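Top to bottom, those sequences are chains A and B. Those letters in the first sequence? Residues 1 to 563, by the numbering used here. Those letters in the second sequence? Residues 1 to 162, by the numbering used here.
These are computed hints drawn from the structure, not numbers from a lab. Remember, it's a predicted structure, so these values are computed and weren't measured experimentally. Hints may contain errors.
[Stated by the list, open to error] Have a look at the derived ranges for each label pair, beta carbon to beta carbon:
#1 A:GLN550 to B:MET1: 22 to 32 Å
#2 B:ASP116 to A:THR188: 47 to 57 Å
#3 B:GLN19 to A:LEU291: 23 to 33 Å
[As the list claims (entries may be wrong)] Incomplete in silico selection of chain A near chain B, CB under 7 Å:
#4 MET125
#5 PRO126
#6 HIS130
#7 LYS138
#8 TYR185
#9 PRO187
#10 PRO307
#11 ALA308
Beta carbons: idealized from backbone N, C-alpha and C, even for Gly.
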Amino acid sequence: MKPEVITGSEILLRSLLLEGVECVFGYPGGAVLYIYDALYGFKDFHHLLTRHEQGAIHAADGYARASGKVGVCIATSGPGATNLVTGIATAYMDSVPLVVITGNVHQSLIGTDAFQEADITGITMPITKHSYLVRDVKDLPRIIHEAFHIANSGRKGPVLIDIPKDVSAATTLFEPAKVMNLRGYNPTVAPNRLQLDKVAAAIQEASQPVILAGGGVVYSGGHEELLQFAETTEIPVTTTLLGLGGFPSGNRLWMGMPGMHGTYTANNAIQQSDLLICIGARFDDRVTGKLDGFAPKAKIVHIDIDPAEIGKNVHTDIPVVGDVKTVLEQLNKLIKRADKADAWRDQIQQWKAEKPFKYKDSNDSLKPQWVIEMLNETTHGEAIVTTDVGQHQMWTAQYYKFNQPRSWITSGGLGTMGFGFPSAIGAQMAHPDRLVISINGDGGMQMCSQELAICAINKIPVKIVVINNQVLGMVRQWQELIYENRYSHIDLSGSPDFVKLAEAYGVKGLRATNKEDAQAVWREALETPGPVLVEFVVDKQENVYPMVTQGSTIDQMLMGDCE
Amino acid sequence: MTTKHAIAILVNDQPGVLQRVSGLFGRRGFNIESITVGQSEEQGLSRMVIVTEGDDQTLEQIEKQLYKLIDVIKVVNLSSKPMVSRELALIKVKAEQAERPEIKSLADTFRAAVVDIGTRNMMIQVVGDTEKVDALLELLKPYGIQELSRTGVTAMTRGNAL
Ligand SMILES: Cc1ncc(C[n+]2csc(CCOP(=O)(O)OP(=O)(O)O)c2C)c(N)n1
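Hey, can you work out the whole structure from these sequences and the hints?
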C-alpha cells in the first residue's frame, strides 16, 4: 500500500480491513458522520445497520463468540455510546473480544456538556479491558492495531476507541501500524514447568479427582487438548455454563454442568473431590454456591490465563498461569491415568444413572424441556444455539447436547436479557451456512425484538424460538420458592402476538401450543429458507431443577422433578 | 493480618491513568489511604505511590488486578523491602507572640522549618515518614491547628533492592 494522505475516517476503515474485519454492526449519528460518509458505497466489508445500538453490540458479541474473531461495532457519541454499555459489560464479564468504536464531539467541545456529549471512556472504564480517546489522527493506525491485539490476546475482552469528530475529519499520511510497543501488556502464555509436574503428581495421588472446565477452554481453542487430557487421565469432567461445547456432551466422562442449576452428579462430585482441576473457569458464585464449604476436601489446581483470577475467590494449591490450550498441550505429555480413582468412576456412573435431569411430561400442555429436547433431536445437536436469560436458558443448557465448541452462545457472567436474539444475528453472519437457533423467553424477546427488521432485510436465516410462558419465568420461580408465592410484577400479559410481530417485520411467524403442532411448525421452520420466528406456548408453572438456593453449598440441591 | 503497605506503580503517563488506578481500587473494595503521583526517572512514565491497608491475600489481588491495566508497567510492594518513605506536611498553627519560641523549638527538634509567620500564626513545613509527621502534629495540636495539608507518602526501596 502506497502512503497516502487520507482522513481519519478512511484510516479507520482501511485499518479495520488490515485487521481482517469482515463484518461491522453499527448505527450512525452526528459524531460519526464522517465515518459513515467514508462508508458510503464501501463494499470491502459488510456493515449491518441494526435498529438499536444494543442490537449492534450484542450482534458483534455473537459474531465474536461464534467465530473466535474480534467483533466490531460503531456507534455515535452520547446516547449512541451509552446504549452500548450493557453490551460492553456483557462482553467484559464473558471475556469476549470486541473493538467498540464510538464517535465523540469535537475535541474543543469535550468537557463542556456539549450536545450529545458523554464521557464514554470514563463511563466504561470498569467494563473494558482497555480504552482509548484518540486525540490526534496520527495515532489512529497505532491505536486500532493495539486495540485488536489487546482485545483478542491474553484474557480476551472489549476495547473501546472513542474518536472525536475532528479526528475522524482530520487528514494525515496513512502508514499502517506494524510494530507494537505495549510495555505494560505481556500475557503469560506458556506455563511454569514445575507447576505442571506438581499437577501430574497430584493426579497420581488422587482417588476422587474432578475436572472443572470453563469458557477458557473454548476461547483458547483447547477443546481437543482437554479431551485428550480427560481421556488419558480418565478423570470425570464438568463444564460450566460458558464451557458447554468445550467437551463433548456424549462422552462417558462428562457429568454435565455444575452449580445453581447443575447436575446432581457434577455438584456432588465437586463437593466430594480430593483433587479439583479448574481449567479456564473463574469460580463464579453461580458455580460455587456458598464459598465457605465449596469442595471442602479438594486440593485445588487452577489453570488460567489471567493471574488475577487465581486465588480471587477460592484458595488455590497449585496455580498454573498460562493459555489453556498451551498448558494442556504441555501437561498432556506429563500425565498418566489416575489409577487410584476406579471406585470414584463407578460412583460417578451410578449418580449419572440415578439422577439425570428430569421433568414431568404432559400430553395436554407443552413442557419447555420437551421443546428443547425436540430442538436437540431434530438438529442432532449440531446447530449454533444462542439463548437469552432466564429459565429457557437453563433448560437449553440442560437439555440441548453440545458437542462442538463455539456452538453455544449465552450471556453467562452478566446474565443480560436482550442478548439472545441479536447475538444470533452476529453468529449467523459469522457462519452463513450453519443453522443458527436463537432461544428466547417472552420477556427477553421484547428487549431487542426490533432487530427482526435486520433479519428480514438482510435475509439472515436465524430460527428464532420464543418459549412463551407468559411470565418472567425465572423470577416467578424465585418468587415461588423463596418469596412464598408472592408473584410480584412478573405477569407479561400485554405482550404482543409474537407471530404477528414477526410478520409485521416481514419475518415468517409460527405458533404451537401442543406437541403435534410443535413438531409440525418446527419442521416447517427448518424447511423454510430465511428467518422464521416460532412461538411455543408452554406451561407457565414449570421450574428449573435441580436448584441450589443462595447461601447453600452446591450439594444441597432442591431436586424437584429430578427426585 | 491487616497491615499497611506502600505500593509503587510505574504507569504510562497517559490522561486518565490516575482514574484507572484509583477507580480499580474503589470498585474492587480496596482502600486508599494516600496516593501520590509524579514524574519518574523515565520520560513518559509516572510513578504512583499508594498506601493501602489489607491482609496478604488482598495485597496479592491488588497487585494482580493492577497488572491487568494496560498502562501499568510495574508494581512493587515497597513495604516488603527495606525502603525510605517520606511525606511532606504544611501546618498552620495558632501562635501568639509568647508562644512562638516554644513552637519554633518544637519544629527544630523535628528538623521542621518555619516557612511563614503571620500576626497570630506560623506555618511549619515538616518532611519525614508518616510517624514523624503524626508526632509533630500531636505536639502542635494544643496550640490550635488552623490548617493542615499533607502530601501523602512517596517512597523508594533502599540501595539495590528492587
Ligand atoms: C436486562 C435484564 N433485566 C432483568 C434481568 C433479571 N431477570 C433474569 S431472568 C428474568 C426473567 C426472564 O423472563 P423471560 O424472558 O420470559 O424468560 P423465562 O425465564 O420465562 O424463560 C429476569 C427479569 C436480567 N437478567 N436482565
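Are any of the numbered hints broken by this structure? If so, which, sorted upward? Those not satisfied are hints 7, 9.
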